[in-house]
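Peer 1: Here are the chains, one letter per residue:
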Amino acid sequence: MEKWKVQTMTIAAFIVVIGAWAAGLVGLIGQGATAALLVVFFPVLCLGMMLWWTLGKGEDDLPFMGY
Amino acid sequence: MLVELVIAVVMGLLFLGIHRKVIARIQGRPGPPIWQEILHTLKFSFKETWVPRTASTLLYVGIIAVAMGIWTAALYVVLAGGSILILFGIYMLHKMVEHGVGLSPGSPYAKFGGIRSVISASSEIPLFAVIGGIYFFTGSLMISDLVAYQADNGPLLLSILPAAIAMYLVILSKMHYGPFSIVEAKEIVSGYQTEHFGVWRAGLQIGDAIKTFVLLYAFVLIFVGQLGPVLLLVAMLALLVSLSFICAVSPMLSPYDSVTVQMVAICILVVWLGVLVVIG
Amino acid sequence: MASAGVAGEPFFALPFGDIVNYFTPYTAVLFGFALLFTLICILSRPEQQLDVVFGTDAYYAKGVTGKELRFRRFMSIACGCATMAAMVSGDVFNFTLFVSMVGVCIIGIVAAVKSRHVLDAAYNYGIIAIVATIPLFGGAAITLATTGTLSIWELSAMASGMPLIAKMLIIVGVMGEGIAPFYAAKAELFRAPGAPYVIMIHVSSLLMFLRVVEILLTV
Amino acid sequence: MISGYIIGLIVVFAGVALTFSAFLKERDDVHKLILADLTEIAGLAIIALTATDLAEALIIPGLVVGISELLAVSEIYLTREKLFFQPEKLFTIEVMDSAPGIMGAVLVIFGIILSGFTGGAVAATGMIFYFLCKGHKERFSLVETVSAYAWVLWIAAFFTFMLAPSYWFFGVMMAGGAILAKVVAKMSLIGAMRGESNA
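Line by line, the protein sequences are chains A, B, C and D.
Residue 23 in our numbering is what sits at position 23 of the first sequence, and the numbering runs on without skipping anything.
Residue 269 in our numbering is what sits at position 269 of the second sequence, and the numbering runs on without skipping anything.
Residue 171 in our numbering is what sits at position 171 of the third sequence, and the numbering runs on without skipping anything.
Residue 129 in our numbering is what sits at position 129 of the fourth sequence, and the numbering runs on without skipping anything.
Derived by calculation from the structure, the hints in this document are not laboratory data.
You can take every hint at face value.
The calculated lysine to aspartate or glutamate pairs, modelled on DMTMM-like cross-linking and capped at a C-alpha distance of 20 Å, are:
id, chain 1, residue 1, chain 2, residue 2
1, C, Lys114, D, Glu75
2, C, Lys67, D, Glu75
3, C, Lys167, C, Glu154
4, D, Lys186, D, Glu75
5, D, Lys134, D, Asp97
6, B, Lys186, B, Asp257
7, C, Lys114, C, Glu68
8, C, Lys114, D, Asp29
9, B, Lys186, C, Asp51
10, A, Lys3, B, Glu48
11, D, Lys186, D, Glu144
12, D, Lys82, C, Glu68
13, A, Lys5, B, Glu48
14, D, Lys134, D, Glu94
15, D, Lys82, C, Asp120
16, C, Lys114, D, Glu81
17, D, Lys32, D, Glu75
18, D, Lys32, C, Asp120
19, C, Lys114, C, Asp51
20, B, Lys174, B, Glu187
21, C, Lys62, C, Asp51
22, B, Lys47, A, Glu2
23, B, Lys174, B, Asp257
24, D, Lys82, D, Asp28
This structure is a prediction, so every number in the text was calculated from the model and none was measured.
Isolated chain A, as found in the complex (with noise of 0.2 Å):
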């Protein structure tokens, strides 16, 4: 994946993120949808932030086949 594609996820995931908590907060969605939303959107956002700077910086390779 591209690294503006992850980018435009995370911060879109940040959005989605802040605002069901407000929303939440005051009152506008119920306790259930706010969650629900949180529920999708947390792991985007945190594996969004952590691939934020790393992304596209190794190769692909096989995996650990012993020592």
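For this one, chain A is given, so just place chains B, C and D on it according to the hints.
Peer 2: What follows is chains B, C and D alone, placed relative to chain A:
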């Protein structure tokens, strides 16, 4: 909700660090500082990252998100006082994470971890003794109902001790370095996690952290009841230290013995449930 | 609704006559999980399993290609659909039917693998799965004969509910379809290459087991 | 009534116990498969003991699932034992050369008179007998087409019930005829499919 989630991640990583520290001290080693797991996660997230050439890409990446997602859901269930059936369902779904992480990269070591995770399926069965016992005693499986029940009748820990022991066993079989953690034994490198490195491992760590936090929190809620924040933390820490103690003094069992021991535990619990039904 | 204390308040129901398919928080979580893995099966390409040539440094990859790949993907998607249906089914007999359908699909997922070891395990699993349909259908039929209904909602509203013998038969049947003491054959099925499809084997039977616990506590 | 039901249950479970004891002794894989099918039939018998109209509706899906499991497992057996080649001629007896036409016709006509599922099964036996004796090249697409149209008619009959209940007799006749054609078509395909290049 988001605040609790971040707290759960940080606290969970801290708990994992404390777990390592306690094990090290009991075994007479200095051990890493307790924030080591937090540093680990940060370190992993800056590492070079790619997907192995033989891997099934979507599963390889997606399963990390699943690991974090299901435990986020579990945290929400515990916080909202939902059904413990959902909580335990998620606990069993975690098995799928182990399979997915193990089988997706195509590495033989990871695959062995995945297959071991199939044969250690008996570690989940005590859950049904927990569910059965609790349902039999309180007539409800909602955590909110259980908390209310304990506020009236005192902690369930005393009245249904076997169920508490069963859940304790269940948590124990998911702790790192424990006697039942055959899925990540060192003779198969890192078990099912062997091929998940860098960012992927950091993601698994976050999932693990939420899992540890949720399981300890759920145990306290189900068997002791609602406590204040300080008391809650103390109870969770005490539980964790007792688990670490068992992990430190017991050797890792061979896959066969591990399954046998769990089976014996299951048989005892089944007999207990049978006696309950007969007497009740 | 008597099951509210077990799996939470249902928030969506789809009635077909007296048989009501419903989503509680619990079944919704299970349904979502089955859907997720079905999607992964549809979209992901299978993994290539690496193996060391014994006694040397060489290694080789066992891939899944062409016709075999299409067949196995189809079977795992069918397995996912059957699982999802079993998760939301509000009828004991439909549930048992979908459980046995999952059994068929599991055999299908590994049937195309050209490894005698895996085929042996699949054969043994298949025999157990066939035999397990007796307690499954038997449990449902006894429920029908004694209570006059198969709807989980109606059964949960009844004072007497499902007879104990029917409950035991159904749980034995689900166990026979591949959990707890009968999983030894399934561990061998896992040695087949092709990750997302192979994982579907365990996803389906695990979800079955979780659902049957809910059903038996409810009725 | 309930005591009769319990006696029936006891008989069926005794049968199941008998097959299980046979299972314990049996070592041959094909025989195990056949025994598994026998136990499957016992499962259907338990459903049949309910003895209501609903039971009849439950037996058919149960039977379908049982047959598909049996087919899947025997397919695995064939792959495992590498049995890909069809024997030249399965068996020949005199009646297979002289009487297939008349036997097939009698069974099909009798089946049509019976109509519905039972009639379909009887008529299908006639068709299978005919195909078995006369060979079965190049007829699948025709049979498949008949089956598909029968299916459409069946659905149409259901819509008749739902949308125009006053025409119920028309709907019943259409559904009965369609299900007859469908069962005949499907069952006559079962024994004939294996080993064909276009199967």
